[in-house]
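Asker: Now for the letters of each chain:
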Amino acid sequence: MRHRLVPLVCFSLLFSLVLSAQTQQPMGGASTGAPATYTSRRTTGITDPSAPVVFEDVTDKTALANFRHRSGEAAKDYIFDTPSGGVAIFDYDADGRPDIYLVNGSTSAAMRGKEKAPRAALYRNLGNWKFEDVTDKAGVANERWGFSVAVGDYNNDGRADMYVGNFGVSRLYRNNGDGTFTDVAEKSGVARKGWSTGASWGDYDGDGRLDLFVPGYVQIDLNSLPPRPGDVGKSGVAGCQFRGVPVMCGPRGLPGEGDTLYHQKADGTFEDVSVKAGVHDPEKFYGFSSAFVHVDDDKLLDLIVVNDSTPNQLYINKGNGTFEEIGYPSGVALNENGREQAGMGLAVGDYDNDGRVDFHITNFSDDSNTLYHNDGDNSFTDLTFQAGLGEVSIPFLGWGTSFVDYDNDGWLDLFVVNGHVYPAADEHQWGTSYAQQALLFRNLKGKFERVGAPPGTALANAWPGRGLAIGDLDADGRLDLVINNLDTKPVVLRNIATTSAHWLGLRLIGDVAKKTPKDAIGSVVYLTAGGVRQRQDVLSGAIFCSQNDLTLHFGLGAATKIDKLEIKWANGSIETFDVPAVDRMMTITQGK
Amino acid sequence: MKSWMKQFLIVIALFVAAGVVVAQEGAKILAGAELTRVVPTAFYFQGLSAPTQMRNSAAARFGTDRYVISGLVDTSGYSADIRAKYVGFLITDSPITLNGESLPSGAYGFGFPTEGKMTVMDLGGKDLLSVPVTNDKALRRPRPLMMSADPGGVRLYAGKDYVVIAAK
Numbered sequence: 120m121r122h123r124l125v126p127l128v129c130f131s132l133l134f135s136l137v138l139s140a141q142t143q144q145p146m147g148g149a150s151t152g153a154p155a156t157y158t159s160r161r162t163t164g165i166t167d168p169s170a171p172v173v174f175e176d177v178t179d180k181t182a183l184a185n186f187r188h189r190s191g192e193a194a195k196d197y198i199f200d201t202p203s204g205g206v207a208i209f210d211y212d213a214d215g216r217p218d219i220y221l222v223n224g225s226t227s228a229a230m231r232g233k234e235k236a237p238r239a240a241l242y243r244n245l246g247n248w249k250f251e252d253v254t255d256k257a258g259v260a261n262e263r264w265g266f267s268v269a270v271g272d273y274n275n276d277g278r279a280d281m282y283v284g285n286f287g288v289s290r291l292y293r294n295n296g297d298g299t300f301t302d303v304a305e306k307s308g309v310a311r312k313g314w315s316t317g318a319s320w321g322d323y324d325g326d327g328r329l330d331l332f333v334p335g336y337v338q339i340d341l342n343s344l345p346p347r348p349g350d351v352g353k354s355g356v357a358g359c360q361f362r363g364v365p366v367m368c369g370p371r372g373l374p375g376e377g378d379t380l381y382h383q384k385a386d387g388t389f390e391d392v393s394v395k396a397g398v399h400d401p402e403k404f405y406g407f408s409s410a411f412v413h414v415d416d417d418k419l420l421d422l423i424v425v426n427d428s429t430p431n432q433l434y435i436n437k438g439n440g441t442f443e444e445i446g447y448p449s450g451v452a453l454n455e456n457g458r459e460q461a462g463m464g465l466a467v468g469d470y471d472n473d474g475r476v477d478f479h480i481t482n483f484s485d486d487s488n489t490l491y492h493n494d495g496d497n498s499f500t501d502l503t504f505q506a507g508l509g510e511v512s513i514p515f516l517g518w519g520t521s522f523v524d525y526d527n528d529g530w531l532d533l534f535v536v537n538g539h540v541y542p543a544a545d546e547h548q549w550g551t552s553y554a555q556q557a558l559l560f561r562n563l564k565g566k567f568e569r570v571g572a573p574p575g576t577a578l579a580n581a582w583p584g585r586g587l588a589i590g591d592l593d594a595d596g597r598l599d600l601v602i603n604n605l606d607t608k609p610v611v612l613r614n615i616a617t618t619s620a621h622w623l624g625l626r627l628i629g630d631v632a633k634k635t636p637k638d639a640i641g642s643v644v645y646l647t648a649g650g651v652r653q654r655q656d657v658l659s660g661a662i663f664c665s666q667n668d669l670t671l672h673f674g675l676g677a678a679t680k681i682d683k684l685e686i687k688w689a690n691g692s693i694e695t696f697d698v699p700a701v702d703r704m705m706t707i708t709q710g711k
Numbered sequence: 006m007k008s009w010m011k012q013f014l015i016v017i018a019l020f021v022a023a024g025v026v027v028a029q030e031g032a033k034i035l036a037g038a039e040l041t042r043v044v045p046t047a048f049y050f051q052g053l054s055a056p057t058q059m060r061n062s063a064a065a066r067f068g069t070d071r072y073v074i075s076g077l078v079d080t081s082g083y084s085a086d087i088r089a090k091y092v093g094f095l096i097t098d099s100p101i102t103l104n105g106e107s108l109p110s111g112a113y114g115f116g117f118p119t120e121g122k123m124t125v126m127d128l129g130g131k132d133l134l135s136v137p138v139t140n141d142k143a144l145r146r147p148r149p150l151m152m153s154a155d156p157g158g159v160r161l162y163a164g165k166d167y168v169v170i171a172a173k
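Taken in order, these protein sequences are the chains called A and B.
Going by this note's numbering, the first residue of the first sequence is number 120, and it counts up by one from there.
Going by this note's numbering, the first residue of the second sequence is number 6, and it counts up by one from there.
A hint or two may mislead.
[What the hints assert, rightly or not] Quick list of in silico lysine-lysine cross-link-like pairs, DSBU-like style, CA-CA up to 35 Å:
{"id": "1", "chain 1": "A", "residue 1": "K403", "chain 2": "B", "residue 2": "K90"}
{"id": "2", "chain 1": "B", "residue 1": "K142", "chain 2": "A", "residue 2": "K564"}
{"id": "3", "chain 1": "A", "residue 1": "K403", "chain 2": "B", "residue 2": "K122"}
No lab work stands behind these hints, which were simulated from the structure alone.
All chains should be built: construct the whole structure from the sequences, respecting the hints.
Answerer: This is the structure we're talking about:
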């Protein structure tokens, strides 16, 4: 039977050439249909004078206005110039006020030691919107090509530590408890090389110690870079195109990078168990975001990985140190039409208050973001368009995304940070732009509507957004946002939404002796008030290379009392607690 | 042997033979090692060779030795106009039909430049035939490219759209 087949295969292979730079594809190379020409940009200048003012841009009133992100050159010749960087909101000094860490990129010249490397920055929250730059004292400037930050108290000492994912060698900043950090990545065995993106902490094996998952994106050899857009046409260089325009190459056509799972041993060091656990990503998809999260709601943390231009992966924890990948059968790998999308960011939350976590994944322009509803039994349905998130997101290139109950009505709203990767977007009628407005969607009990932007207000601005983090920076019961923007200053958005709705903030402290991590990552809170049962997870990572404050925030609507507060701790034990009053921050310790 | 018995046995033999032929022509969707053994890792089309997306490849065997192989490729090296019409390849080692339209043995490119239609091209990019696709709204978990059994042969799916491939 081979005699017919072999010549034909040979026939096709006869013409096969050694793969060259010509086969490289721009970021977001998943097919998104025929490109259209537009007479207007649909990602900037969209305003609504009748819309409420939800956020105030207070950046320039804070020290964060002095931060300048930088990643490569303005031309964005290479793929590593474009995705940085993340941001974390976390209380590093345990004073009750969430602080801010901004990841910075770098440049090829800095990588070669020919110029000063851009610096990441840590801002201590002094209250009343005053922030102090404590980067030098804390020793967390990174000065490598930074992309991501994930927060977790890996050594269970009550102080939040940071994993900073770099293009190069990543860092584990151990919090010393005196305002300083020490990079212990090498010593601890997590000094990952390559291109590390959106990491996540989680105790997947139930030993009470946080483990670490780090996606890998693309393998880059700085000594053998793909052709730049400006090189196209020179000496026969074909380069890469987007809509017929020369652009940077990748990720398609570039070699992907596997993912890494580090298991924390009893001595506080880590071992690479990626292959043994079955999460090493042998096909080397282009990983961007990840999160340890309870998908099937057993006692074991599962894992989702969002990949650019390749299928997403959903790993179900089998409880024996291994995972089963069910991306395709679960429905999470692709969108409802069976198409691979250019996954960037990841929001995790129970948006319809049915007790199960759902996912929202951001994608490339000319494609919609995707909302995966968790139907139970490890099955998801793409409800993007039914939920009102489809058409509106198509012109945007999305990055950081997070569910956030900005109006405290008890239903998780949705925020999306956007910005294109090709500067040429501003020079052509693609219907999109390099800097883009962020998107805020209000949750109307399971359906979403875009919240308009009054002219001249924060949401009317366009930014080259990337990372996003959420936390109540001024302790007023309304969630604020920080956006890390590519090659410019960040944005601090103060929530000034007019609302009389009530709220409750919860800080959880796990009992390490009972094998719950001290920071309670992996714990789930179910809160019932006003006839609505909400769920929130203590989560590390997700968003896009960023970290939300680990404090959980529940909007209560008109409810002034909590009917039930149930916590399923990371070790699987369940406790209920009385809540004496609302509109306050509350710290709950396991077993007390 | 009596002549009627001879005729009876001949008829039986013909039925058995026909049954064997039917069995040979029955389509089997290949998987695992059988699939990777036949799918080329790269494919030439219109001046370039591009890598196959192995995860998005499929093949079927008609009978014992007739193969139809298809896969999506990374098309980035192509100009925008070629990318608009070309997404993958179709290789057949014997004549087949696509939704009833004849296609001789050979290696082809294909794509969906017109909504609702699959266009098959020669390796130089010349259109050879265009057939309407059927949208399978009930398909629960579509893939970028896959094959499944069909009473008339096999279905070649791209997402929820499919054409029926039959051996000639």
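Asker: Compare the structure with each hint and give your call.
Answerer: A quick look at each hint next to the structure:
{"no.": "1", "hint": "A:K403 with B:K90", "result": "27 Å, holds"}
{"no.": "2", "hint": "B:K142 with A:K564", "result": "27 Å, holds"}
{"no.": "3", "hint": "A:K403 with B:K122", "result": "33 Å, holds"}
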